[in-house]
Amino acid sequence: MSDTVRRLERVLNPRSVAVVGDKRAMGYFWLRNMSTFKGKLYSVQIDPNEIPGILELGVSNYASLLDIPDEVDYVVCAVPRPVAPRIIADCVAKKAGGVSLFTSGFAETGETEGIRLQERIATTAREGGLVLIGPNCMGIYNRRLGVRQAMDQPSGDEGDIGFISHSGTHAINLSLLAASHGVKISKSVSAGNSAVVTPADYLEYMAQDAETKVIGMYVEGVQDGRRFFDVLRRTALLKPVVVWKGGASEGGRRAMFSHTGGLATSSTTWQALVRQCGVIATDSLDETVDVMKALLFMKPGTGRRMGLVALTGGQSVVITDAFERAGLEVPLLTDRSYDELAGFFNVIGGSFRNPLDAGGTLGFGAVPENLARMLRILDEDERIDAIAVEVSPRMMARRMPGDETAPDWLPDMLAAHKERSQKPFLAVLHPGHLEALVAQERQKYVERGIPTFAGFQQAASAFAKVVAYRRFIAGVE
Amino acid sequence: MSIASIIDRAKTDGRKLLTEVESKDILEEAGIPTARARLATTADEAVAAAKEVGFPVALKIVSPDITHKSDVGGVKLNLSTPDEVKAAFDEIIAAAKKAQPDATIDGVSVQKMARPGIEVIMGMSQDAQFGPVLMFGLGGILVEVLKDVSFRLVPITPRDARQMVQEIKGRPLLEGYRGQEPADVEALEKLLLRLSDFIEKHPEIAELDLNPIFAYKDGAIAVDARIILS
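Which chain is which? The protein sequence lines are A and B, in order. Residue 253 in this note's numbering sits at position 253 of the first sequence; the count goes up by one each step and never skips. Residue 198 in this note's numbering sits at position 198 of the second sequence; the count goes up by one each step and never skips.
Careful: at least some of the hints might be erroneous.
Result set (BS3-like, lysine-lysine): computed pairs, CA atoms no more than 27 angstroms apart in a straight line [unchecked claim]:
| id | chain 1 | residue 1 | chain 2 | residue 2 |
| --- | --- | --- | --- | --- |
| 1 | B | 97 | A | 245 |
| 2 | B | 97 | B | 76 |
| 3 | A | 245 | B | 169 |
| 4 | A | 213 | A | 245 |
Residues from chain A that face chain B, not an exhaustive set, calculated with beta carbons under 8 angstroms [claimed, not checked]:
| id | residue |
| --- | --- |
| 5 | 219 |
| 6 | 225 |
| 7 | 226 |
| 8 | 229 |
| 9 | 231 |
| 10 | 264 |
Hints are computed from structural coordinates only; laboratory data are not their basis. By construction, the Cβ of each residue, glycine as well, lies at the ideal position given by its N, Cα and C atoms.
Input sequences plus hints: build the corresponding full structure.
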């Protein structure tokens, strides 16, 4: 384990946290973020006007980090920029594990003074063996220990995903959106300017962190490209890495003499990197969460042949289009499957070529067993590798006469299928005109560990990307 | 001359652009087949070289200051007799001097005309962040106009080489068309891997173009090559 990774182990799993420079004007933002922290929390603030408010929060306050009668594993520094260098020096003197510098106005401004100050604190940190996160960042999130970047982040239980982000907002929003889909971020780092510790370092940490089953990243630019490439390549072989790249092509030195120099852009180079390393590239927050869902909640598999179940003719056409467009196959089933389907399928207002247009067969009387039969048939069909089912909002909204609650037979049945089947399984829950209902119903699927997607295209795309990753790892094609 | 000595000599001369002859010599050392070129400094030398390599030949201007030879009228192809070679030599020198009067002219390279094959291009340039990037594409106007190329970071694996070739939209052209024999895709993949190895071992190389490479059903050969030092 490298020095940096060992130090990150301490900082990312702190037993004690100190917040320096929190203020009423910020709503004691950082201290409140840490109100869920399971370990020891301390405040450092010398302004006498601020101290009563801090004490009211139940946090003990000190004039300096060096006065704290305890080791300090993680420091959040929120002081004004001119004061930052002294606090960083204090962190070194205190032998703190690491410090996250919330303060901005450093190299990200592009101004001489900001750049100079950043270099100065970076040097202090490096020479002192101090982990410096940022500057200009939202620091660390540790779900289990209750170290947070925002007050609405969940805490107290364990998670599965390690997230590394150049943006604090994206780190926070990702954790919140993911949580509402049953995807639990165990740790995240808002890396800010990455003056000392870089995404490559955090990747090395996540690669060996037992709490991280899948790694996610939001990346805007890379400073240590060669190292980043090496670490990413090795890491992606150990755990799935989902990379959401932000930012248009950066300017760069363009070679004038060769064809290659004229054609290679930072965008084509990034694409090459992604393909070579076998990472899963995403373009948005939603897509990143979709892919994480597919990775966590779908059984592993490398096949691309889909068995599709939709509820009307129109939907069965569109679902097939979506999956085929994503590069997947929708093959004919075996004769054995067709024979069995013919036994109970209602072909008036329905068909069962694959896709299965099942509305007429499930019917207004909602014969649940027929859906279970369809899923079993697809599960047993050797021409099918994975199954996707449309769950329409109207079907979800259908009530039994006199019963106000939506039927649970549907998520229960799909959960039972998923439990029994070895094939990857997806459910498409399009909100349609019943967004609020679907959001509510979706929780039942989240609770049962069924991955759901807000549309056919989203489902197909997430599935295709995950399968491509699995095939890469398996050395297929 | 060995790779190291060629590079040293260029450094001593204070230039970064290697000549076609030098570039090809280096690539041959690296195990990459090229249409070997000989340097001729007089029309007579050109004729002698042509006789040695065998007609028909191609003559190209050799100058560290001229990067786009065709643009200055510095390329003459399909020369079948000593007289044609002599005339071509003089025309090339004159055209180059006219287009770039200040250019240092080393002479003219003479190489045997390669049998036409499917044109592909391979190249390398340095990315400021990620270092050497390898490129593959179908050659000629397909690269210039359609930019139908694939990239990978050095070092590449056999899988990367395979994907680089498969990713090209014009890949079906490699299967041969209108009577053109198909390209030896395995040979192209091997070439990419050799190039990647070579680039990894020589960080002093900043850019590299193999354009065109002629691909045949049983191999491929770099017909022109350009190497630029960092």
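Each hint tested on the structure:
The straight-line distance between the Cα atoms of residue 97 of chain B and residue 245 of chain A is roughly 49 angstroms, outside the 27 angstroms bound, and the hint therefore fails. Simply put, residue 97 of chain B and residue 76 of chain B have alpha-carbon atoms about 16 angstroms apart, close enough for the 27 angstroms limit, and the pair holds. Under the criterion of a C-alpha separation no larger than 27 angstroms, the hint pairing residue 245 of chain A with residue 169 of chain B is consistent with the structure, at around 24 angstroms. Of the pairs offered as hints, the one joining residue 213 of chain A and residue 245 of chain A holds, with about 21 angstroms between alpha carbons and a cut-off of 27 angstroms not exceeded.
The closest approach between the C-beta of residue 219 of chain A and any C-beta of chain B is roughly 12 angstroms, which is over the 8 angstroms cut-off, so the hint fails. About 3 angstroms separates the beta-carbon of residue 225 of chain A from the nearest beta-carbon of chain B, less than 8 angstroms, and the hint is met. Look at residue 226 of chain A: its Cβ gets to within about 5 angstroms of chain B, closer than 8 angstroms, so that hint holds up. The interface hint given for residue 229 of chain A is met, as the beta carbon of that residue sits about 6 angstroms from the closest beta carbon of chain B, less than 8 angstroms.
Because the closest C-beta pair between residue 231 of chain A and chain B is about 13 angstroms apart, greater than 8 angstroms, the hint is violated. Taken as an interface hint, residue 264 of chain A checks out: its beta carbon lies about 5 angstroms from the nearest beta carbon of chain B, inside 8 angstroms.
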